[in-house]
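Chains as they are written, first to last, in the numbering used here: chain A, 134 to 461; chain B, 3 to 208.
No lab work stands behind these hints, which were simulated from the structure alone.
Among the hints, erroneous ones may be present.
To be verified - Label-pair ranges, simulated between beta-carbon atoms:
1) B:E91 - A:D400: 47 to 53 Å
2) B:P189 - A:N266: 35 to 41 Å
3) B:L9 - A:A169: 41 to 47 Å
4) B:E91 - A:A169: 40 to 46 Å
To be verified - To give an idea of the chain B side of the interface with chain A (calculated C-beta under 8 Å), a few residues:
5) E16
6) S107
7) E108
8) M109
9) E112
10) A113
11) S115
12) E116
13) F126
14) H134
15) T135
16) S138
17) P142
18) Y144
19) L146
20) M148
By construction, the Cβ of each residue, glycine as well, lies at the ideal position given by its N, Cα and C atoms.
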Amino acid sequence: MATDSTSIPLEDRFRLSMAAANKINGGVAIIDGMGAVWFWNQWLEEKSGVPCGTAIGKSLPELFPELADSRMIQAVDGALKRGMSALLSQSLHKSPLPLFERPQEKTQRLQQAIQVTPLEYRDGIRFCLVQVNDVSIAVKKEQLLREQAEALRGLAYIDSLTGIPNRRRLDEYLGDEWRRAQRSSTPLSVIMLDVDHFKQYNDTYSHAEGDFCLQRVANAIKATLRRPADLVARYGGEEFSVILPDTPANAAVALAEDIRKHIESLDIPHESSEVTTHITVSMGVSGMSAGSTLAAAELLLQADSALYQAKKGGRNRVTLYREPAAQQ
Amino acid sequence: MIDLSELQRDALVEIFNIGVGQAASSLSQIVGEPIMLSVPLLELLPGGHQAEAIGTIVRSQRVCAVSQDFSGDMDARAFLFFPEGKTREIVRRMVGESVSAAELSEMEQEALSEIGNIILNACFSSLSDLLHTRFSSSLPAYHLGMVGEVLPTRKDAEEELLLLLHIDFSLPSNEIHGYLVFLLTVPSFNALLGQIDSFLASAHGN
Numbered sequence: 134m135a136t137d138s139t140s141i142p143l144e145d146r147f148r149l150s151m152a153a154a155n156k157i158n159g160g161v162a163i164i165d166g167m168g169a170v171w172f173w174n175q176w177l178e179e180k181s182g183v184p185c186g187t188a189i190g191k192s193l194p195e196l197f198p199e200l201a202d203s204r205m206i207q208a209v210d211g212a213l214k215r216g217m218s219a220l221l222s223q224s225l226h227k228s229p230l231p232l233f234e235r236p237q238e239k240t241q242r243l244q245q246a247i248q249v250t251p252l253e254y255r256d257g258i259r260f261c262l263v264q265v266n267d268v269s270i271a272v273k274k275e276q277l278l279r280e281q282a283e284a285l286r287g288l289a290y291i292d293s294l295t296g297i298p299n300r301r302r303l304d305e306y307l308g309d310e311w312r313r314a315q316r317s318s319t320p321l322s323v324i325m326l327d328v329d330h331f332k333q334y335n336d337t338y339s340h341a342e343g344d345f346c347l348q349r350v351a352n353a354i355k356a357t358l359r360r361p362a363d364l365v366a367r368y369g370g371e372e373f374s375v376i377l378p379d380t381p382a383n384a385a386v387a388l389a390e391d392i393r394k395h396i397e398s399l400d401i402p403h404e405s406s407e408v409t410t411h412i413t414v415s416m417g418v419s420g421m422s423a424g425s426t427l428a429a430a431e432l433l434l435q436a437d438s439a440l441y442q443a444k445k446g447g448r449n450r451v452t453l454y455r456e457p458a459a460q461q
Numbered sequence: 003m004i005d006l007s008e009l010q011r012d013a014l015v016e017i018f019n020i021g022v023g024q025a026a027s028s029l030s031q032i033v034g035e036p037i038m039l040s041v042p043l044l045e046l047l048p049g050g051h052q053a054e055a056i057g058t059i060v061r062s063q064r065v066c067a068v069s070q071d072f073s074g075d076m077d078a079r080a081f082l083f084f085p086e087g088k089t090r091e092i093v094r095r096m097v098g099e100s101v102s103a104a105e106l107s108e109m110e111q112e113a114l115s116e117i118g119n120i121i122l123n124a125c126f127s128s129l130s131d132l133l134h135t136r137f138s139s140s141l142p143a144y145h146l147g148m149v150g151e152v153l154p155t156r157k158d159a160e161e162e163l164l165l166l167l168h169i170d171f172s173l174p175s176n177e178i179h180g181y182l183v184f185l186l187t188v189p190s191f192n193a194l195l196g197q198i199d200s201f202l203a204s205a206h207g208n
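Kindly generate the complete structure, drawing on both the sequences and the hints.
Here it is as structure tokens:
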């Protein structure tokens, strides 16, 4: 027998609406003007472990004492007293209500997004509707996407030959550390490093050997750095840069000297070098003292100019940048 | 052209400052960091050329916004918006995660919607408490786009007014300037003026 929906009597319509709200795949609660639960659907029963019969007539803090003074209660208050709708986002509140996949075990709380909307009842009295969505799956999906994005981003920051950070990462990191140094008024130093007579090395031993040499130099620099915040990057060609946060220039010079010795100790043969018979490096160091307002790009330029001085001075050495006036 | 007297303007700025002050304390509680909000400036703009007017003030044509509809003794559509790039800074600070993507993810959009929701509700709660008006508000909606798309100009634009509030968002080591816009019909605006006047009268009478 076909049922004409317009012919359904009022009390049946009410019963059907309530049955539908009860079956919705998500939490539905209706709170009356006094703040007591008036409707509590099946989903909420299942996820909270609180049966409808227990919930009806009690306020949310009576059911869940942890909610006292929470944003959830403020939202319900705002809806009842002022007619304000409110949203509780998952990012700002991980799990506002004590809801679980299996409430008997109380293991993992469901991640929720909650909406609270006022319902005009009569004579200036408002009820409010609380809708709860389980967003655990969406959160997991987003986390996965973020991890993938970060892995991809990581790749975009790595030099493919040496496996150390590339020029792009260097620029960003220098910017970040420069700002941190400004904020916290700490020193910051930069080393520029160049492999001596590398073109001749390539010509003598082949490009494949040249690549291998750069990898060994990169590893040697990385192994000499002591702190997690120190960063070595391939600047380009046979040039490398080291960023040393919270390090004054004299300490950076000492570290550069360690790097120089370490690379020399690798004893990579270089017959066509004009310095000696193995691979050596030249380095320029520039430091920014605490409270200095020197620009980040300027710091790098100074290290580069010190590197130029190191090469002019005979290579296989570390030179600290000095103000032109001080050099006279 | 309808305008605000200095007294009415001061009263509104004060009411909105009380509102955003409450919002700031709710937000601080959520993120566990001191957050300060203030409304230093209020402007009244005629409807019609709002996109151009606001684009000039914001100095960015692309904006991120959260809107809510308020209805009751007066009807208004309220927007909280920021230049697009600034939004990422706010969400990053509040959610405490690095937001690497160029656009906000769904979760982050929802977080911003809640931030907007808290601020807008607080403003209207303050209006409702001090002016004894009744409102109800819709759930917040998130928008991203050109100013003209986010704040569409209606056909009968001359029937509308814009109340533009500058809002300063102070997070530790960060200052972000945002805007609150209330789109009001002329009758609603007149109702608001009437309520401010009786508020001022009662304040002075006592």
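Comparing the hints with the structure gives:
1. B:E91 - A:D400: 47 to 53 Å: 50 Å, holds
2. B:P189 - A:N266: 35 to 41 Å: 38 Å, holds
3. B:L9 - A:A169: 41 to 47 Å: 43 Å, holds
4. B:E91 - A:A169: 40 to 46 Å: 42 Å, holds
5. E16: 19 Å, violated
6. S107: Because about 6 Å separates S107 of chain B from the closest Cβ in chain A, which is inside the 8 Å limit, the hint holds.
7. E108: Interface hint status for E108 of chain B: holds (7 Å vs cutoff 8 Å).
8. M109: 5 Å, holds
9. E112: 4 Å, holds
10. A113: 4 Å, holds
11. S115: 6 Å, holds
12. E116: This interface hint holds because 4 Å falls under the 8 Å limit.
13. F126: With a minimum Cβ separation of about 7 Å from chain A (threshold 8 Å), the hint on F126 of chain B holds.
14. H134: 12 Å, violated
15. T135: Since the shortest Cβ distance to chain A is 10 Å, the answer is violated.
16. S138: Holds, because the Cβ-Cβ distance from S138 of chain B to chain A comes to roughly 3 Å (cut-off 8 Å).
17. P142: 6 Å, holds
18. Y144: 10 Å, violated
19. L146: Hint on L146 of chain B: violated, closest Cβ of chain A at ~16 Å, above 8 Å.
20. M148: 25 Å, violated
Comparing the model with each numbered hint stated earlier shows that hints 5, 14, 15, 18, 19 and 20 do not hold.
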